[in-house]
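Asks: Given these sequences and hints, build the entire structure.
Number of protein chains: 4
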Amino acid sequence: MVMRLRARKEEDKLARREAILEVAARSLGRRQYARVTMAEIAERCGLAKGTLYLYFSTKEELFIAALELELASWFDALAEELLKLGRTDPHTFGDVVAKSLASRETLVDLLPLLHTVLEQNIDTDTALRFKRMLRDKLVACAAVVEHVLPLHGGDGVRLLLRTHAMVVGLRQMSDPPPAIAEVLARPELHPLQLDFERELSDTLTDLVRGMMKTEE
Amino acid sequence: MVMRLRARKEEDKLARREAILEVAARSLGRRQYARVTMAEIAERCGLAKGTLYLYFSTKEELFIAALELELASWFDALAEELLKLGRTDPHTFGDVVAKSLASRETLVDLLPLLHTVLEQNIDTDTALRFKRMLRDKLVACAAVVEHVLPLHGGDGVRLLLRTHAMVVGLRQMSDPPPAIAEVLARPELHPLQLDFERELSDTLTDLVRGMMKTEE
Amino acid sequence: MVMRLRARKEEDKLARREAILEVAARSLGRRQYARVTMAEIAERCGLAKGTLYLYFSTKEELFIAALELELASWFDALAEELLKLGRTDPHTFGDVVAKSLASRETLVDLLPLLHTVLEQNIDTDTALRFKRMLRDKLVACAAVVEHVLPLHGGDGVRLLLRTHAMVVGLRQMSDPPPAIAEVLARPELHPLQLDFERELSDTLTDLVRGMMKTEE
Amino acid sequence: MVMRLRARKEEDKLARREAILEVAARSLGRRQYARVTMAEIAERCGLAKGTLYLYFSTKEELFIAALELELASWFDALAEELLKLGRTDPHTFGDVVAKSLASRETLVDLLPLLHTVLEQNIDTDTALRFKRMLRDKLVACAAVVEHVLPLHGGDGVRLLLRTHAMVVGLRQMSDPPPAIAEVLARPELHPLQLDFERELSDTLTDLVRGMMKTEE
DNA sequence: AATGAATGAGGATTCATTCAT
DNA sequence: TATGAATGAATCCTCATTCAT
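Chains as they are written, first to last, in the working numbering: chain V, 1 to 216; chain A, 1001 to 1216; chain Y, 2001 to 2216; chain W, 3001 to 3216.
Just so you know, the hints here were simulated from the structure itself, not pulled from any lab data. Treat the hints with care, since some could be wrong.
To be verified - Mimicking DMTMM-like on lysine to aspartate or glutamate, the simulated pairs with C-alpha atoms at most 20 Å apart in a straight line are:
| no. | chain 1 | residue 1 | chain 2 | residue 2 |
| --- | --- | --- | --- | --- |
| 1 | A | Lys1213 | V | Asp89 |
| 2 | W | Lys3131 | Y | Asp2195 |
| 3 | A | Lys1213 | V | Glu199 |
| 4 | V | Lys59 | V | Asp125 |
| 5 | Y | Lys2131 | W | Glu3188 |
| 6 | A | Lys1137 | V | Glu188 |
| 7 | W | Lys3131 | Y | Asp2175 |
| 8 | W | Lys3131 | Y | Glu2182 |
| 9 | Y | Lys2099 | Y | Glu2199 |
| 10 | Y | Lys2213 | W | Asp3089 |
| 11 | V | Lys99 | V | Asp89 |
| 12 | V | Lys13 | V | Glu68 |
| 13 | V | Lys213 | A | Asp1095 |
| 14 | Y | Lys2213 | W | Asp3202 |
| 15 | V | Lys137 | A | Glu1188 |
Bear in mind the structure is a predicted one, so any value in this text is a computation, not a measurement.
Replies: See below:
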């Protein structure tokens, strides 16, 4: 990813902004946030360090913008997919959600940052904007969820928040760094191994089942 | 917490070790791992920085040992409590587990570190020892879980891992730093607010309900 | 101060040049030179950063030109005023000079830069031009000074140079940044507080008295 | 100046502290404060950058401490010298003061920093401590000045403050960087050349004369 | 002539870790 | 065993200046 031209037009600048966001998200991978340096991102972008700061005033702003983008896009995609699905069952629902998340590696990498580092270093305005976006998308998507599953009122939001929590926790358990993966490969440690998509799907299925049962 | 004496005997050394672990765990709180410095821990212990390195060879070893301690103790306590409980229902189970976790702040603070930073910086031996401990406790506790709840075989382990995942995710969502808490206090952002214990309890209840054998 | 039009004619360019100089001088205030950025000056001018470089090839050139303007204008004004005054006494002289400087904040802000930063970063040509201007004005003004005060030959120049030195030193002592001003407000630190104009006037009065021919 | 040993004893630490201060002051010379880097000072000390921060928490603290040291020592030395002198005349006084300052290059280099950068970047506590020291020394020295010269009450402090101002201004005019010195060497610019000690001495002589004259 | 995006050298500061005492 | 002074790599960010448009 090399960008040499000057982004003079507004649309070029937006494009560059997004390009940076994508590079940043991909640079993170499963690494620690602190290990990703602005210098590295800049280099991968083919830009100078200073240029990054033309687009984002701090490292945190850069990453929260990346998360914002990914998150909004995921909510939209999920809502659309569920809408196409129509009335459905817990198993299918779990599958669809798990698959949509498993295919969005960068989102899943970014998500744990939110509470871990980003929220500790952003200003009120940024936080407010982000949280509002989150709330809007969440509520909108929750309505769709309640449309395709027979849940109690308010359980759409609840289910999505639980999904969020589950994703953060599961991802960390299912995708260890190579050194740990090697250790986990030993037969006696087999019970500690998890497949992200499969486990998320199963968990959601069970969870939805449990949330529906209450109904009667 | 000030320790000035020399720990000459083996038992003194162990006591000091644990004292350090406790201080470390409490020092973390809801802060970023990177923000907790070895200097700070040393000072709180009333020890010199160098002394910490007599007991733990790196910062990561120190924190993983702290987690190990907390985790083992929790598994044991939970197993015991469930055993006392005997055959039970999803709701009670959820309550018991949630309460036992909510009362162990330090464990809950430490848990997210495991995959986020600790596993990225420890050597194979430490990892192996930790994972083995985890497996042992997990399997033992899972047996108890399957004893008190009518689950399918293997679902005890599964439920505990899901609980682990849930705890990591939920905690981060339910205990934001003050600046974010303030933002979340706005009425329109109310849906994003969560109470850790209550939400964990409810989620586990629903999850267990969904996992239980249909008792036909 | 916004300038949007293109400066096509030579006179327009000169006008713009001076407009920039004025903005620059005013931007400095009592701040550190390093804290005044070219970006800030450009913005205050309503110009782009690059445009500044069409008029001045470095930041230092810009500021030395600003100083040059202020200084020349001050010398001229002072000479004129003294001429109007005619033969006078030390006290009146001190008053007049002090008042004329106190009313030229930007000059007084700019003056300490000369030796502190500007002279460290300008090329020989600029230095030569500046120094020649200074010499010319200085000598001319000194002649007037010797006309209104009974000084020994050569003491006009000497007095003006001493005034220059005094202004630089006094200004820094009499106009501290707010945080320091607050500290100085304490009663026990009262002896360290100075009023620029008053102190300059008194000092010059005393100095002239000491330099005057003993009128035997 | 290379220091390799560890300063374990309090007195060693103090010695090292002062060694650093001296290196810092000497590193400044007639250069811009911003051009002196912590890295350079560290290297000249034969220390690591981090070590500097064990002794001074910021660059500003380092330089203000250096100034404090020099200033206090100068006031003491001057007071002592004047005391030895006993009742004296303006000319001798000017000579003594000028010589004592001319022999303290580092003090004279440091002095202009006080108002230019240091006071813009220090916290209230440091400022207060510094100003109190300054006041104490100033008042004490002023008493001696009034003892050796027939001045009005309060004129001792006034004279010393004027001296301070004069020093800052004169030094900058009398010791230009080489490039400027070369320019000033031209015959027509001769009036702009000053010798620090001589000019300071003469100015003080005249100033004191003027301050005494008022008397009658 | 004017723009402003891009540059990139540079600098202060932090902190886990080492090691002389 | 304990200390804490010393280390030095590492990182974020700034800003004067350039240059493609």
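Asks: Hints first: check each against the structure and report whether it holds.
Replies: Hints and how they fare:
no.: 1; hint: A:Lys1213 / V:Asp89; in the structure: holds, 18 Å
no.: 2; hint: W:Lys3131 / Y:Asp2195; in the structure: holds, 17 Å
no.: 3; hint: A:Lys1213 / V:Glu199; in the structure: holds, 18 Å
no.: 4; hint: V:Lys59 / V:Asp125; in the structure: holds, 16 Å
no.: 5; hint: Y:Lys2131 / W:Glu3188; in the structure: holds, 10 Å
no.: 6; hint: A:Lys1137 / V:Glu188; in the structure: holds, 13 Å
no.: 7; hint: W:Lys3131 / Y:Asp2175; in the structure: holds, 15 Å
no.: 8; hint: W:Lys3131 / Y:Glu2182; in the structure: holds, 12 Å
no.: 9; hint: Y:Lys2099 / Y:Glu2199; in the structure: holds, 11 Å
no.: 10; hint: Y:Lys2213 / W:Asp3089; in the structure: holds, 18 Å
no.: 11; hint: V:Lys99 / V:Asp89; in the structure: holds, 16 Å
no.: 12; hint: V:Lys13 / V:Glu68; in the structure: holds, 18 Å
no.: 13; hint: V:Lys213 / A:Asp1095; in the structure: holds, 18 Å
no.: 14; hint: Y:Lys2213 / W:Asp3202; in the structure: holds, 15 Å
no.: 15; hint: V:Lys137 / A:Glu1188; in the structure: holds, 13 Å
Comparing the model with each numbered hint stated earlier shows that all of them hold.
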